[in-house]
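Reading the sequence shown from the start, the letters are residues 1 to 345 in the working numbering.
Derived from the structure by calculation, the hints contain no laboratory data.
Remember, predicted model here, so these are calculated numbers, not experimental data.
In this text, a Cβ means the ideal position worked out from N, Cα and C, and glycines have one as well.
Hints are not guaranteed to be accurate.
What the hints assert, rightly or not - Here are the computed lysine-lysine pairs in the DSS-like style, where the Cα-Cα straight-line distance is at most 30 Å:
#1 Lys223 - Lys152
#2 Lys223 - Lys58
#3 Lys177 - Lys152
#4 Lys58 - Lys152
#5 Lys223 - Lys177
#6 Lys177 - Lys58
#7 Lys225 - Lys263
#8 Lys58 - Lys225
#9 Lys263 - Lys177
#10 Lys225 - Lys152
What the hints assert, rightly or not - Simulated DEER-style distance windows between Cβ atoms:
#11 Thr342 - Ala78: 39 to 45 Å
#12 Leu284 - Glu54: 30 to 36 Å
#13 Met75 - Gln322: 17 to 23 Å
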Amino acid sequence: MNPLIYMVIISSLTTGTILTMSSYHWLLAWLGLEINTLAIIPVISMQHSPRSTEAATKYFLTQAAASAMIMMSSMTNAWLMGTWNITQMTSYTANIMLTIALTMKLGLAPLHFWLPEVLQGASMMTAIIITTWQKLAPMSLILMTINNLPPKILIIMGLMSAMIGGWGGLNQTQTRKIMAYSSIAHLGWMMVIAPIMTNILIMNLLTYLMMTTTMFWSLMMTKSKTIQNMTTTWTTSPTLTIISLITLLSLGGLPPLTGFLPKWLILEELTTQTLTTIAILMALSSLLSLFFYLRLGYMTTLTMSPNSPLVKYKWRFKPTTQTLPMNIMTPMALLLLPLMPTIIY
Numbered sequence: 001m002n003p004l005i006y007m008v009i010i011s012s013l014t015t016g017t018i019l020t021m022s023s024y025h026w027l028l029a030w031l032g033l034e035i036n037t038l039a040i041i042p043v044i045s046m047q048h049s050p051r052s053t054e055a056a057t058k059y060f061l062t063q064a065a066a067s068a069m070i071m072m073s074s075m076t077n078a079w080l081m082g083t084w085n086i087t088q089m090t091s092y093t094a095n096i097m098l099t100i101a102l103t104m105k106l107g108l109a110p111l112h113f114w115l116p117e118v119l120q121g122a123s124m125m126t127a128i129i130i131t132t133w134q135k136l137a138p139m140s141l142i143l144m145t146i147n148n149l150p151p152k153i154l155i156i157m158g159l160m161s162a163m164i165g166g167w168g169g170l171n172q173t174q175t176r177k178i179m180a181y182s183s184i185a186h187l188g189w190m191m192v193i194a195p196i197m198t199n200i201l202i203m204n205l206l207t208y209l210m211m212t213t214t215m216f217w218s219l220m221m222t223k224s225k226t227i228q229n230m231t232t233t234w235t236t237s238p239t240l241t242i243i244s245l246i247t248l249l250s251l252g253g254l255p256p257l258t259g260f261l262p263k264w265l266i267l268e269e270l271t272t273q274t275l276t277t278i279a280i281l282m283a284l285s286s287l288l289s290l291f292f293y294l295r296l297g298y299m300t301t302l303t304m305s306p307n308s309p310l311v312k313y314k315w316r317f318k319p320t321t322q323t324l325p326m327n328i329m330t331p332m333a334l335l336l337l338p339l340m341p342t343i344i345y
């Protein structure tokens, strides 16, 4: 793609998200979401393969349906209550429609089926954008309307997402699909805590963005598309092998890594609110996710590639992937647990 066109597309992508996040009128928020969707379509289909075209089509249809439902919800609220203000969504019917639309945009269960397929058809860089940047606009709308959204629906959908995100990733061999189900599970944790404490939701979102970006960047640097590709990671860079393993453990939520922090706070808050059953089910669902993270880590660090090369390491050409984002994100994705007291007090 022409660099100038690519720059315009990425600028539109950024503008759409910022417009949605900074607006209080439903029409402007909807306009930002539409700009955002239309900008990402050419980025997904940039590879000119049938799979990427299919992924772009699926993404467009899903996001267009969700945007139409958001517009319908805001029009219903304006018709019944006489206001277009995002923070004054007081119609129950409009709120249910809005909840369904925003969860469809995020990829929460049971409206999650598009996410693994779209990620599988996109490049690694596009997959990073879809799983991180594209979550910000719907999440900001959820934060602005959280006082009016039905909490029971959000908690049930969050619990379903955490479980389906764990179960769905168990039998996957493609790293992008595994990361898609990981994203679904993490979003489930965010939705469970959203009606109870939005501060933990924001903190969970930030840690999720850091961990997911780090993991995707390590996959990009080693060009690992499948689990089998990850067995040759050590021949590219032994250091990157260790970073990938620890990042996977952080995604799984093991102490003393960053990923343990949001899970700990969410489970603590759920038990404080006497939602003990939900807390137990969420903790059990995280074990499912931990299994496929451990499987990826095992294949990366403890398994030799099933061939007999004549040399120990690959040829070390000049790296084509930028390492600066990896250098910035890795410490944050692994070592933020000591900040726990500053978050609580």
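Hint check:
Distance check on the hinted pair: lysine 223 and lysine 152 sit about 42 Å apart at the alpha-carbon level, beyond 30 Å; violated. Taking the CA atoms of lysine 223 and lysine 58, the gap is near 25 Å; set against the 30 Å cutoff, the hint holds. The hinted pair formed by lysine 177 and lysine 152 meets the criterion: a straight-line CA distance of about 29 Å does not exceed 30 Å. For the given pair, lysine 58 sits about 29 Å from lysine 152 by alpha-carbon distance, which is consistent with the 30 Å threshold.
A distance of roughly 15 Å separates the Cα atoms of lysine 223 and lysine 177; the hinted pair therefore holds under the 30 Å criterion. Taking the CA atoms of lysine 177 and lysine 58, the gap is about 15 Å. The hint holds against a cut of 30 Å. Of the pairs offered as hints, the one joining lysine 225 and lysine 263 holds, with about 28 Å between alpha carbons and a cut-off of 30 Å not exceeded. With a C-alpha separation of about 21 Å, the suggested pairing of lysine 58 with lysine 225 holds against the 30 Å cut-off.
At roughly 23 Å between alpha-carbon atoms, lysine 263 and lysine 177 fall within 30 Å of each other, so this suggested pair holds. A threshold of 30 Å between alpha carbons decides the hint, and for lysine 225 with lysine 152 the separation of about 38 Å lies outside it, so the pair is violated. As the Cβ distance of threonine 342 to alanine 78 is approximately 42 Å, the hint placing it in 39 to 45 Å holds. Checked against the given bound of 30 to 36 Å, the beta carbons of leucine 284 and glutamate 54, roughly 35 Å apart, stay inside it.
The hinted window of 17 to 23 Å between methionine 75 and glutamine 322 is violated, with their beta carbons roughly 44 Å apart.
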